[in-house]
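J.: Take a look at the letters that make up each chain.
2 protein chains.
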Amino acid sequence: MSLPKSIKIYEVGPREGFQIEDGPISTGDKVELINKLNHTGISSIEVTSFVSPKWVPKMADAEKVLHLMEKKPNVEYRTVYLNINGLRRALNNNVTIDGVLLLTASNTFSKRNTNKSIQKTLYDLKDWITVYKESGLKVDQLALMAAFGCNFEGNITLPQTVNIIQNAMSIAEENNEKIRKIKLADTMGWANPQQIKRTINIVKENWPEIEIILHLHDTRGLGLANAYAAMEEGVREFETAIGGLGGCPFAAVKGAAGNIATEDLVFMCEEMGIDTSIDLEGLLECTKFAEEIVGHRLPAHLTTGGMFSDVRQSKWINQEKIYYNKIRWENNDGF
Amino acid sequence: MSLPKSIKIYEVGPREGFQIEDGPISTGDKVELINKLNHTGISSIEVTSFVSPKWVPKMADAEKVLHLMEKKPNVEYRTVYLNINGLRRALNNNVTIDGVLLLTASNTFSKRNTNKSIQKTLYDLKDWITVYKESGLKVDQLALMAAFGCNFEGNITLPQTVNIIQNAMSIAEENNEKIRKIKLADTMGWANPQQIKRTINIVKENWPEIEIILHLHDTRGLGLANAYAAMEEGVREFETAIGGLGGCPFAAVKGAAGNIATEDLVFMCEEMGIDTSIDLEGLLECTKFAEEIVGHRLPAHLTTGGMFSDVRQSKWINQEKIYYNKIRWENNDGF
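First to last, the sequence lines map onto chains A and B.
Number 145 in the working numbering belongs to position 145 of the first sequence; there are no gaps in the numbering.
Number 11 in the working numbering belongs to position 11 of the second sequence; there are no gaps in the numbering.
Hints were generated in silico from the structure; no laboratory data involved.
Take the hints with a grain of salt, since some may be wrong.
Said to hold, decoys possible - Label-pair distances were calculated between CB atoms; the ranges are:
1) B:S26 <-> A:W55: 24 to 32 Å
2) B:G28 <-> A:D22: 34 to 42 Å
3) A:G295 <-> B:G23: 24 to 32 Å
Ideal placement from N, C-alpha and C gives every residue a C-beta, glycine not left out.
Construct the entire structure; sequences and hints are all you get.
T.: Dropping the structure here:
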């Protein structure tokens, strides 16, 4: 299959990224990062979570962030909520709300993360559907966390994944709702490119009309290889985080990488002629700012590797950046 | 095309990795790393360079390293040389010598790295062939540096690449030698997966019998995606460096990534059922030692992300590693 001509990127850095950081993040910093992201051409930004301030104190300022940030008409602002109380807060705050049913493919992780088994989660879906309907929203999405593997349970098999999707699909159908999109989240960075392809193909065989969104983590370095494999199978929608935010709280040097970095995916796509409508220079400025906020380097590669456009426009010649390459290569002996 | 059943990995860390580091590396440390690599199942290790001690003082101990290190019968030990004097030193030291003709696809980089233009390099090939022949070696390989792009010249186009290969092929043929292998080196990390596929396909169309070795850098994060794309086109041989050695002299935090990390490629392959015959646990011990030698973190992902085998064998449960995931996920609110 040939690569898509364009992809859509959902930025999740301000939400997923900051919750994992050690220090406090000021509301002002969150707002400023969102305002900067507003000008990069990104069409969807996940700005905060409506979760319990007791469990996730970093997100206690959700309403405040939404009140203070600039809202641009061509950008969708999304939030995360894990229970119906959270959904009600989202409904009160004029954000884009997808009629999404949340699922987890690992029972252990489901209990740890949402305090519910897979079976209980499925059982409760009809309550979600009721609330969405009462709010005038169509239920048309599934989101499956830990879809490719789990640090607590190990491998998640393809039949497990298909089975839980099938169950959720049936429940939606019984309640007269039609699922059009499935988000598959590699929450703990377990996927490999071949598994990505197989999973996408099985989903498409079973539900040919469905659109897939991928949420990938770069925990073990396979994030971009997985994204490439997915695009080869026609996937056009990805959730990513600026700078690769969402890494380990122990900071960049010791820690594991987080989400795949928005700029790294945009860069790979632009190099292959896939349009993202996102300004790479603008993204790198956002990463610089995000690094200032968190006080350490973020795992994105492009910030240190440098963009080619600089070379193409001869910006590097006789400047600091070329100097790096000079000392590198003049001390080198080959490849 | 389906993925290969197995691949061969050429370890280049001890050679390419250390030359880039800031501080001095003792001969003893080099020898110990090679001795450790000897026990991982790696079948080829590039141990040093026979280059001018004036220009590359780090490699002045080449003969000493070869004298002191353990040699295992089932491991090939390779070296780099850029001129005929270097080749003669290699010939005196009982290492595996490929009858390889060195080329560079970027004229500027060719001059900087080898002090010769592309034309002069091509002109001199017959001298190399003569020396190889006199030494009883068959000339059967080309190695093309900067094959996908150059920090000094920007893009290297497919016609440029094909043209230089064609020229070198003709020269080999005129001298009654047959090229069987081409090493394509993405010296400065410019390749993208689509370009990798196109290049491989063009090479295979023009020279169907040729085997391809890829030498990839992860400068901009696309290293593993490029390796995956190459394997999808049937490439079975890769040069990699333990820990991702070969990065920037300014150390891991500030610097760009180097070669793709041996353990990251092995991990990706093993996850996809591609045999490498390499012991991943052993590799991680080598990386730990290499990090002690250079005094900073190396860019490999697996060292921080953790291997799945630990989870599969429940090694993580109630131990430090699972704790990392616990605090991570209990503070999390979703994906």
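J.: Between G295 of chain A and G23 of chain B, does the beta-carbon spacing fit 24 to 32 Å?
T.: holds (27 Å)
J.: Look at the Cβ atoms of G28 of chain B and D22 of chain A and judge whether their distance stays inside 34 to 42 Å.
T.: holds (39 Å)
J.: Can the suggested window of 24 to 32 Å be confirmed for the beta-carbon pair S26 of chain B and W55 of chain A?
T.: Roughly 51 Å apart at Cβ, these two residues miss the hinted range, so it is violated.
The structure is inconsistent with hint 1 alone, although it conforms to all the rest.
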